[in-house]
Structure formats: structure tokens, C-alpha cells
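Engineer: In the order they appear, the protein sequences are chains A and B. Numbering-wise, the first sequence is residues 1 to 612 according to UniProt numbering. Numbering-wise, the second sequence is residues 1 to 612 according to UniProt numbering.
Since the hints were derived computationally from the structure, they do not count as laboratory data. Incorrect hints may appear among the rest.
Distance condition first, Cα-Cα at most 25 Å in a straight line; then the derived DMTMM-like pairs of lysine to aspartate or glutamate [claimed, not checked]:
1) A/Lys-295 <-> B/Asp-224
2) A/Lys-474 <-> A/Asp-456
3) A/Lys-139 <-> B/Glu-547
4) A/Lys-295 <-> B/Glu-47
5) B/Lys-251 <-> A/Glu-601
6) A/Lys-340 <-> B/Glu-577
7) B/Lys-251 <-> A/Glu-589
8) B/Lys-295 <-> B/Asp-224
9) B/Lys-368 <-> B/Asp-224
10) B/Lys-175 <-> B/Asp-248
11) A/Lys-295 <-> B/Glu-278
Just so we're clear, the structure is a prediction, and the values are computed from it rather than from any experiment.
There are 2 protein chains.
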Amino acid sequence: MVTSKKLLFFGFAVVVVFAAIATLITVLVLTNNKEEEKNGEDNESYEGPTFGYLCKDSICVRTEINLSNINDSSSLNVCRLTCNTDIGTLWPKPSGSVAFSKRVAPINPNQITISTNNFKGQTYWQVAWQRFREMLFRKIPTDSKSNSRGKSILIEIIAENDDIDFNYDTFEGYKLRIIEDSSNIYVYISARNFYGTRHALETLSQLVVYDEFNEELVILTYADITDEPKFKHRGISMDTSRTFYPVDVIKRTINGLAMVKLNTFHWHITDAQSFPLEIKSRPELTRLGAYSPDKVYTTSDIRDIVEFAKARGVRVIPEFDAPAHVGEGWQESQLTMCYKDSSQTVGWRGHFDPTKDELYNILEDIYKEIVESFKPIVMHMGGDEVAIDCWNTSQMIKDWMNDRNMETNIEGFMRLWDYFQRNALSKFDAVSNSQLPIILWTSRLTEEPFLTEFLDKNRYIIQVWLDGNDAKIKTLLEAGYKLIISNSDALYLDCGVGWWVNEGLNWCSPYKTWQKIYNNRMESIAGNYIDQILGAEATIWSESIDEGVIDMRIWPRASALAERLWTNPTTPWANAEARLLMNSQLLVEVGELAVEPLQLEWCVQNENECPF
Amino acid sequence: MVTSKKLLFFGFAVVVVFAAIATLITVLVLTNNKEEEKNGEDNESYEGPTFGYLCKDSICVRTEINLSNINDSSSLNVCRLTCNTDIGTLWPKPSGSVAFSKRVAPINPNQITISTNNFKGQTYWQVAWQRFREMLFRKIPTDSKSNSRGKSILIEIIAENDDIDFNYDTFEGYKLRIIEDSSNIYVYISARNFYGTRHALETLSQLVVYDEFNEELVILTYADITDEPKFKHRGISMDTSRTFYPVDVIKRTINGLAMVKLNTFHWHITDAQSFPLEIKSRPELTRLGAYSPDKVYTTSDIRDIVEFAKARGVRVIPEFDAPAHVGEGWQESQLTMCYKDSSQTVGWRGHFDPTKDELYNILEDIYKEIVESFKPIVMHMGGDEVAIDCWNTSQMIKDWMNDRNMETNIEGFMRLWDYFQRNALSKFDAVSNSQLPIILWTSRLTEEPFLTEFLDKNRYIIQVWLDGNDAKIKTLLEAGYKLIISNSDALYLDCGVGWWVNEGLNWCSPYKTWQKIYNNRMESIAGNYIDQILGAEATIWSESIDEGVIDMRIWPRASALAERLWTNPTTPWANAEARLLMNSQLLVEVGELAVEPLQLEWCVQNENECPF
């Protein structure tokens with residue numbers, strides 16, 4: 001007991017001594033701080049960044065910082081997140097209601113927890129959640145002294161179902177709410193399904209920015225957003241025949257699509273110039289058709305890409321273009337014609353010979369493997385640029401047609417094309433579970449009288465590459481077809497650079513600017529038939545594009561398309577410009593993409609002052 | 001002795017036994033080979049690359065390989081090196097005489113030795129030699145099983161002098177000879193100086209290609225080349241004010257220039273939008289004018305770049321643009337006007353107030369540090385886009401002019417400009433050793449009557465950014481000025497993409513294709529005055545270019561300019577096309593540059609068949 005008392009006394013003494021020391025230190029520190037403050041005031045000394053941003057009339061104004069304005073100034077990212085009348089620099093802008101505070105709180109990216117009612121253990125959800133966390137960490141510069149102070153984030157997800165089907169009936173909307181208390185940020189996300197919640201996380205990630213002044217991530221302290229897309233089909237098409245893109249290029253492109261809530265990756269896999277699609281039952285197609293043995297998409301590559309995309313809210317639509325645009329890979333098949341025939345007006349485009357029965361057996365094998373690897377919800381059968389001048393050169397074809405009472409005039413050759421399309425489709429249907437929707441490019445076949453005679457409007461969706469004001473679009477709409485818009489006067493991202501003919505600018509020059517894409521309203525194209533517009537796609541034909549340049553051809557112009565289709569804004573491009581510059585930075589920093597620069601850095605630093 | 005005899009006998013026995021074993025093995029191997037051969041013949045089995053190249057009529061034709069053509073076929077690189085009527089895929093093509101064999105020999109890149117008569121221990125030479133070796137190794141793919149068989153290379157360099165001055169009198173020609181014997185390749189290079197020998201190594205490196213069939217480097221077994229440039233001034237200009245490019249971007253660009261024997265890096269360092277040039281005696285210029293503190297070229301950065309360039313046969317020409325195109329950095333100086341004044345027709349361009357004496361003191365400080373860091377052989381003083389509408393707004397300037405009997409009309413304002421230019425030049429001359437040549441952009445000042453009144457043709461070189469057919473060019477030539485051609489209708493590499501005005505294509509759209517640049521003959525611009533053309537520069541103004549995209553804006557179009565100026569071919573672009581595609585590959589593989597793709601891979605694989 002004595003010992004115990006002694007210890008107690010000793011302990012008390014220690015506490016007293018330490019308390020005394022602590023008090024002394026506190027007094028000294030306070031005195032010191034006060035003196036420093038005083039010195040600061042006396043000398044008007046300021047040692048920090050030269051420039052900061054002041055929010056004036058919803059514009060972030062670059063201003064030299066001094067002691068009198070330092071408390072009102074913030075870093076560019078923080079100012080842009082809080083200063084404007086919309087919400088931050090969200091891209092695409094929400095289409096529904098938005099409320100938000102103009103305050104930010106620092107967060108601790110290592111302290112984010114999430115609860116879901118539905119998705120536990122689901123693979124897609126794990127990918128989405130992992131990706132969300134990675135996106136936040138990528139916002140932190142590598143040389144940042146960012147520490148782990150800041151609030152924890154608790155995210156609660158409520159989804160109505162755990163369905164991962166992703167078709168034209170999938171509702172992609174969501175609600176997102178952010179609130180804070182003294183130690184945490186709470187985020188509530190509700191949506192009908194995985195895809196809506198995924199989009200909500202995308203939005204949430206854009207409401208977190210890196211504050212370079214304090215070297216920390218910050219988030220808005222309050223937000224309430226209701227959001228859904230205006231169009232169902234929002235995407236790009238990529239051409240892997242003219243140029244083979246490695247799998248990682250395709251993946252980073254899909255990642256970019258996910259960042260701006262585009263939901264469609266239309267894959268124009270094959271064409272005349274190369275055949276990079278592994279068909280295990282027909283190995284000669286890639287052996288003879290690939291640029292080289294390593295420039296082949298294997299079945300496992302494709303499954304990998306399709307799953308990668310779906311976990312990012314992106315559906316992959318395979319295109320096997322036929323009966324034209326075939327060549328390499330078919331050299332020894334005896335089933336193609338006109339390829340590399342310089343006397344033909346068809347130029348580069350080989351054509352299948354539709355009269356050969358063996359053709360349809362090979363097509364069935366191709367379709368079978370495509371269906372197995374892609375599990376598509378819609379199939380693109382091409383139908384681009386068929387030239388009857390090609391078939392017309394073959395006496396065998398003309399004899400075959402005569403035997404079947406087809407005249408060898410335009411009507412007859414269109415019937416021959418119809419014969420091909422019906423046979424190809426029946427082979428496709430034979431290997432797919434259900435009668436999937438089929439997409440075809442606009443062509444002679446999609447003009448009257450052939451259109452309504454040969455193409456069932458309940459089966460076929462038409463992808464329009466005509467100019468946006470072409471009268472043929474109205475004909476399609478009046479006949480009741482659903483359309484995907486890729487008007488080449490606005491949405492062909494490969495236009496305007498050099499080509500290899502005519503000392504040469506390519507056929508669809510000039511370059512399509514983001515402003516043109518942003519202003520490319522579906523209503524201007526479809527008028528009262530707007531409900532028949534599924535959406536739109538920007539195309540990236542790859543005659544003059546390779547893996548070094550493709551990012552810049554796509555970005556940030558695909559972002560302009562994304563806002564056109566998700567938000568369908570009525571305001572002009574000029575209102576979106578400062579925000580698109582920030583989206584470009586995000587695509588670079590978080591998406592690890594290269595972007596075409598729209599403006600010089602001066603314009604990023606001086607919001608809405610460029611040009612003067 | 002006994003021991004020794006025993007050893008001798010033992011040794012003899014060992015030799016006999018080993019010889020017996022070796023013979024046995026040889027017999028077994030031969031038998032085995034024979035059987036394999038026999039099997040091969042029987043089964044017609046061929047297991048190698050699907051496609052190879054056959055040389056037919058000087059064209060490499062892609063052909064499916066089989067047992068009957070395997071001995072005639074080669075890889076693409078080897079075929080292109082040996083098949084044509086020129087020599088390999090050299091870019092730029094030699095301007096002098098060429099003889100060569102169509103055979104190649106494998107080389108061992110680890111066994112290259114060099115001897116020089118003059119350069120031992122010289123820094124530039126060490127860089128050039130090290131760089132040559134690196135270029136060879138970069139040709140070998142990382143996954144190559146390349147081994148060290150192949151011949152050794154012995155290079156002997158004879159230079160007339162060890163002078164490293166690099167001015168307009170420097171002769172850049174060289175002679176290069178390759179011969180072989182049974183174990184070695186001998187290379188003889190002779191030139192007047194370091195720069196000629198450096199160019200010869202560049203040529204030599206292009207005569208070594210990687211043979212992907214045999215996974216080894218090969219070289220032509222015989223060549224005899226005499227080569228020299230047709231024009232003295234061959235380069236690009238880069239704008240680091242609108243966009244700041246990190247030092248490594250500038251270095252890789254200069255490396256690219258060296259690869260195609262361009263010899264000039266014209267550095268448009270400052271402009272209105274940012275001031276990234278460290279001036280130690282005037283630190284406020286970068287403090288207020290740089291985009292950020294890390295976007296500054298320090299004095300040591302500049303010295304590093306200048307030396308880096310010179311060792312690659314590239315001279316750096318600094319431009320300090322004045323009296324217009326100033327703005328950021330000068331905010332607190334009271335020496336500029338009209339900057340950011342949207343009411344001015346001058347738009348973005350701030351102007352110096354030439355009446356302020358203090359201005360010339362600051363200019364002297366700037367020039368002093370430029371001369372010290374750049375050690376220029378020629379100075380660019382800008383003189384671009386001066387607007388008298390700006391000076392005309394200032395009553396103080398007009399009063400100052402009246403006091404000096406200058407009228408406030410165009411003649412008067414041009415005299416004011418002349419006043420500025422004379423004062424600025426005298427400050428420049430005060431801090432530089434000799435009266436260096438001065439370059440100015442074409443402007444009102446370079447038109448008559450001001451031209452011959454104000455600008456001494458023996459002192460000033462005029463850089464032309466007018467269209468190539470502008471009559472003002474003839475005026476300049478008739479008046480006896482030396483010109484550098486940068487006609488904006490062909491040599492402005494920033495044209496044709498989006499801009500931030502007018503839903504916007506930029507002012508000099510469309511895009512300038514390589515064909516246009518290749519066909520941009522100096523003789524068409526200068527006629528009989530061709531001797532007054534020092535050369536040409538492609539410009540890369542950076543309002544819509546950043547470090548992600550700049551490589552592709554420059555390459556391979558700068559290569560087209562390189563051949564125009566080095567070789568000055570009389571043949572049309574179409575003859576150079578297949579070779580330029582190979583040069584593009586070289587820029588990517590060896591230069592580690594990104595290039596704008598000119599054509600699809602099909603066209604690389606099918607020489608001269610594209611398009612059909």
C-alpha cells in the first residue's frame with residue numbers, strides 16, 4: 001500500500017511538472033506567434049504564391065496576392081468549384097435540379113467508406129468503387145505534400161436493383177446529395193441500377209478538387225443533384241482496321257468515355273485494309289489479314305474490353321461491315337471482288353460476292369464468335385458504301401441474277417444486296433439468342449424505294465453519316481426509323497488534316513471544331529421527330545490517325561458531344577468554354593489522356609477574358 | 001622432362017578423343033539436318049513470318065512467303081534499304097553524288113570503334129559519337145533476341161579543322177564511304193569541320209537498319225556519298241510564351257532537327273501572354289510574367305539547351321520581340337500600353353512606349369543576359385505587328401513627338417518606331433562583342449519608303465511571313481535584303497485546327513500539308529534573287545499547341561522542309577512519299593518523337609500502292 005501511495009504521489013508530481021512545462025511552452029509559443037503576426041503587419045511581408053483567384057460576379061479573377069486580399073483569394077481549382085452560378089466545373093452539366101453550397105472542406109482520401117444495399121461483392125461495383133478512389137488520388141500531384149488531415153467521407157448507395165443488363169431501356173439517372181457535420185462528409189446516392197450509381201460517382205469525383213494552396217483535396221460541403229441523360233445512345237466509333245490500336249489504347253479511351261458519361265463504344269473492327277479480329281474457326285482471316293501477328297484482337301482481349309467497358313457504364317457495339325469494305329484476310333477465299341482494282345470507281349473497297357453460298361457459312365462462323373465474345377445488345381452490320389459498279393463487272397454474278405429473274409439494273413443490284421443482307425441476317429439470328437436490333441449506315445439501300453421494301457423499321461436502326469441538313473434524314477424519320485446521328489459535317493473527328501491524295505486535305509475537311517459539335521443540336525436535325533433519335537456518335541476513321549494521335553483527335557471534342565447528348569443545353573458554346581478547359585485538364589490529369597489544346601494557358605488562368 | 005612428356009602425350013590423347021567426338025557430332029548433326037531438309041521438302045512446310053518483301057522494279061512488294069520465294073524475300077527495312085534506285089530511305093536525300101551496293105551485312109553494335117584526326121576529347125564530338133551509338137541501339141526493339149554476331153565497324157574521321165564556330169559561313173558538307181572486308185565494315189568520313197562530320201554520322205545511322213527477320217542490325221556493304229546543303233538557314237521557330245514547353249520537350253525537338261539535318265532553332269521566347277525568360281537583374285519580369293514560378297527558363301536551362309543544340313549541329317537564335325507583343329511581366333513597369341485593351345484594333349498585343357528612357361535601360365539588361373546565355377551568332381529583334389493605332393491613343397506620346405518635330409501621321413509613327421529600333425539596337429550592340437546580324441519580321445517597317453530609309457541591308461535580315469506570292473517579297477529582294485522564308489501559306493504549322501473565336505478555325509486555316517511544304521520551292525518565291533535566300537523556317541505559334549501535341553504539329557512536316565532546304569529536289573512530293581513514311585517511323589523509334597500519321601499502316605506495307 002505504501003508503495004502504491006508513493007507511486008501515486010510520484011505520478012501526481014510528474015503530471016504537475018509536465019503541466020507546468022506545457023503551460024510555459026504554450027505561453028512562449030503564443031507570444032512568439034503574436035510577435036510574428038506583428039512583424040508581418042509591420043513589414044507588410046507576404047511570402048506565398050504570387051497570384052491567386054478572387055471570385056467576382058461569378059468569375060474567378062487572377063489577382064496578385066497581398067496581405068489585404070489573401071483571405072479572399074483561393075487557388076484556381078477551388079475558386080472554379082465554388083465561384084460560379086452552376087456547380088463547379090461539372091462536365092457534362094447535370095440536366096436536372098441542382099443546389100449547392102459555395103464552401104469547401106478538406107477531405108482525407110484514405111478515409112472513404114462506402115455502403116451499398118445491393119452490390120456487395122459484385123465485380124462491376126468493385127471496379128467502379130476502386131476506380132473512383134483512384135480518380136481522387138490522381139488529382140493529387142506527385143510532388144504534393146498532401147497529408148491525411150481532412151474529413152472522412154461516408155458514401156451510402158441505394159440502388160433499386162442489381163441488374164447489370166445495359167440496353168436501350170436501362171435508366172441511367174441518379175440522385176446525389178452531399179452534407180457535412182463537424183467530422184464527416186456524408187454522400188447519399190440513389191439510382192435505379194448500377195449504371196446510375198456509377199454515373200453519380202463520376203459526378204462526385206468532379207466535385208472533389210485539389211487545392212494547390214493548401215496541398216489537399218477538398219469537396220463541396222453541400223450539394224443536391226438530380227440528373228439523367230437526354231439521349232440513350234452517346235458515344236464514339238473507333239476504326240481498328242485502318243489502324244490497329246493496342247488494347248490499352250482502347251481501354252484508356254473507354255475510361256475517358258466514362259469520365260464524361262458517354263455510354264457507347266462502337267467498334268468498327270474490320271475493313272478492307274486489315275482484319276484484326278481473331279476468328280478461331282477461320283484462322284486464315286487474321287493470318288492473311290492482320291497487319292502483323294501481334295496486331296490481332298484475340299477472343300480474350302475482346303471479352304476483357306467488353307467487361308472493362310461495362311464496368312464503366314459503356315456498352316461495346318461490334319460492327320462487322322459487309323458486303324463492301326472487305327479485302328485483306330479474304331485474299332484466298334475466292335469470295336471477294338474489286339479489291340485493289342484501280343479501274344473501279346469503288347477504289348479501295350473490296351466487295352463480297354453475294355452469290356457464293358460458302359460466304360454465308362463463313363459469316364455464320366464470324367457472327368457466332370462475335371456474339372460469344374461481345375454479347376452485344378445491338379449488332380452493327382455496316383452496309384457502308386456498296387458500289388453496284390463492282391458487282392456489275394462480274395458476268396457470273398449477272399448470269400446468277402438472270403437465272404433468278406433479277407434485272408441487271410439498279411433495282412436488280414439492290415435486290416442482290418437485299419439477298420445478301422437477308423441471308424447474312426438469318427445467319428446472325430441463327431447464332432444469337434434473340435432478334436437483336438441491327439444498325440446499318442445510310443446508303444442507297446436506306447433511300448426509297450429500297451428502304452421500306454427491304455429494311456424493317458422495327459428491326460433496323462439507321463446510322464446517319466449524311467450532312468445534318470440532308471433531306472434524306474427527314475425521309476428516314478417520316479418512314480418511322482430510329483436513328484443514330486453521325487453527321488459528317490460535325491461529328492467526323494478525322495477531318496481537316498492531311499491525306500495522301502491531292503496535295504492533300506482529306507475529303508471532309510475542314511477540321512470539326514468543338515464549337516461545331518457542341519452546337520450540333522439533334523432538334524435541328526430531326527425537328528418534330530426528335531423522339532426517333534436514339535442519340536449520336538462521333539466517328540474516328542483512322543486513315544490518318546494512329547495510337548500516337550488518337551487521344552487528341554477524340555478529346556476534348558468527345559466531351560462536347562457528351563454534354564450535347566447528356567444535358568442537351570440550350571445555351572451556346574461560349575457559355576461552356578471555360579468549363580471545357582477545366583474538363584480538358586481533368587482528362588489529362590485523371591484520365592491520363594492527351595487532349596487537343598483549345599486555348600493557351602493564359603485563357604485557363606483568365607476565365608472568360610480570352611480573347612480580348 | 002618426364003612429366004612434361006607425359007603431359008604432352010595426355011594433351012595429344014585429349015585432342016584425339018575430342019576430335020573423334022566432334023566428328024561424330026558433326027556427322028550426326030549433318031544427318032539430322034539432311035533429314036529435316038528432306039522432311040521440309042516433302043511436306044512443303046514453312047514456319048516463319050507470313051509476309052515478306054520482294055524487290056520488283058525498285059519497289060518492295062509485300063508477298064506471302066513460301067518455300068519457293070523465301071530466299072528472295074526480306075524484311076521491310078532491309079528491302080527498303082537495298083531495293084530502290086536512290087540509296088535506302090535516307091532523309092534528306094543527299095544533294096551530291098551517290099553510289100552504293102544493294103547488299104547488306106549484319107553488324108555488331110557493340111563493336112564500333114572510331115578514330116578522329118582532330119576532335120579527341122572535344123565535348124561536342126563526344127556527344128555526337130555517343131548519340132550515334134544510341135541511335136543504333138534504339139533501332140533494336142526491346143523484345144529483340146538480337147545478339148552480337150555480325151561485323152565490327154571501324155570509322156575513321158578526317159576533319160580539316162576543329163573550329164566549333166557555327167555561323168552562316170560554316171560549310172556543312174561531308175563525304176562518306178563504306179567498304180567491307182571479310183570481318184569488318186570500314187567507314188571513312190571527311191568534312192571541313194565538326195558540323196560536316198556530325199551530318200555524316202546522321203547519314204550513316206540511316207544506312208543501318210534493323211532486320212526483323214534475322215533480328216539483327218545490318219548495314220549497306222558499300223556506299224560512296226558526297227553531300228552538302230543547298231541552303232544555310234534551315235529550321236523551325238518555337239513559341240514559348242503562349243505555351244511554356246519544359247526543357248526536355250525543347251531538347252527532343254532539337255534532337256529531331258538534328259536527325260533531318262535542320263540546323264536552326266529560332267526561339268520566340270517571350271510575347272504578350274507570358275514572360276518565361278529569367279532575367280536575373282530584373283526578377284519582376286518572370287515573377288509577374290511567368291505562367292507559374294516553375295514555368296521559367298533559367299540562365300542555366302538556356303546555356304544547357306544552347307550547348308545541347310550545338311553538339312547536334314543546331315544553332316539557337318534568340319528572339320526578343322519588340323516593340324509590340326509585350327504584356328505579362330511588364331504590368332508594374334509603366335512602360336507598356338494597349339495590353340488587354342479590347343477597344344484597340346491591336347487586340348492582345350501590348351506595346352512598349354518608345355518615349356520612356358527607362359525602357360532602354362531594361363532592354364540593355366535583357367539583351368546583356370541574352371547575349372551571355374545564348375552567345376548568339378545572329379539576334380532576332382522581332383518587330384512583329386506594331387500598330388500605330390496603339391501609340392496614337394497616347395497624348396503624352398504625341399506631345400513628345402511634337403516636341404521633336406515628328407508629325408503624328410503614319411510617317412511620324414514610323415519614325416517613332418525607327419527611334420525605338422535604333423535605341424534598342426544601340427543597347428544591344430553595347431552589350432554584344434560585334435555587330436551581329438539582326439533579324440526582323442516583315443511589317444510596315446519593311447515596306448518602302450521606310451525599309452531602305454530605316455533598315456540597313458547589310459545589318460538586317462528580313463524574315464518573311466507574307467504569303468509566298470506576295471509582291472512585297474520582290475521589293476525586299478530588289479532592295480538587296482537577305483531573307484528567311486516563313487511564308488504563312490505553307491510554313492505555318494499551327495494552322496487549320498480549332499481556335500477560340502468564330503466557332504473557330506484559326507486565321508491561317510487550312511492545315512498546311514507536308515505536300516505543300518515539300519513543294520514550297522524557294523525559287524518560286526525568289527526567282528532570280530535566289531542567292532539572297534538564306535533559307536526557311538517553319539513556325540509553330542502556340543496559341544492552340546501544348547506539350548502534348550507539339551511533336552505532331554512539327555513532325556514529319558519539318559522533315560518535308562528539311563529535304564526542301566538540304567536537297568532542294570526538283571522531283572514532286574509523290575516521289576518522296578514512301579521514303580517520308582519511313583522517316584516518320586525513324587522519328588518515332590529513334591527520335592522518341594510523336595508524329596502526325598500521314599497514311600495508314602497499309603501504305604507503309606504496300607509501297608507506292610496507296611491509294612489505288
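Engineer: Given the hinted pair B/Lys-368 and B/Asp-224, is their alpha-carbon gap at most 25 Å?
Structural biologist: violated, 47 Å
Engineer: Please work out if A/Lys-295 and B/Glu-278 have their alpha carbons no farther apart than 25 Å.
Structural biologist: violated, 48 Å
Engineer: Sort out whether B/Asp-248 lies within 25 Å of B/Lys-175, counting only the CA atoms.
Structural biologist: Between B/Lys-175 and B/Asp-248 the Cα gap is close to 32 Å, so the pair fails against 25 Å, i.e. violated.
Engineer: Between A/Lys-340 and B/Glu-577, is the straight-line Cα distance small enough, at 25 Å or below?
Structural biologist: Satisfied, since the Cα-Cα distance of roughly 19 Å is no more than 25 Å.
Engineer: Hint check: A/Lys-139 vs B/Glu-547, CA-CA at most 25 Å. Holds or violated?
Structural biologist: holds, 20 Å
Engineer: Mind checking the alpha carbons of B/Lys-251 and A/Glu-601 for me, to see if they're no more than 25 Å apart?
Structural biologist: holds, 21 Å
Engineer: Hinted pair, alpha-carbon criterion (25 Å max): B/Lys-251, A/Glu-589. Please report holds or violated.
Structural biologist: holds, 24 Å
Engineer: Taking only the CA atoms, is the gap from A/Lys-295 to B/Asp-224 under or equal to 25 Å?
Structural biologist: Violated - the C-alpha atoms of B/Asp-224 and A/Lys-295 are around 39 Å apart, more than 25 Å.
Engineer: What's the verdict on B/Lys-295 and B/Asp-224, does the C-alpha distance respect the 25 Å limit or exceed it?
Structural biologist: Distance ~47 Å between B/Lys-295 and B/Asp-224 Cα, so the pair is violated.
Engineer: Is the hinted pair A/Lys-295 and B/Glu-47 satisfied, with a Cα-Cα distance of at most 25 Å?
Structural biologist: holds, 19 Å
Engineer: Taking 25 Å as the top limit, are the C-alpha atoms of A/Lys-474 and A/Asp-456 close enough?
Structural biologist: At roughly 17 Å apart (the allowed maximum being 25 Å), A/Asp-456 and A/Lys-474 satisfy the hint.
Of the numbered hints given earlier, the model fails hints 1, 8, 9, 10, 11; all others are met.
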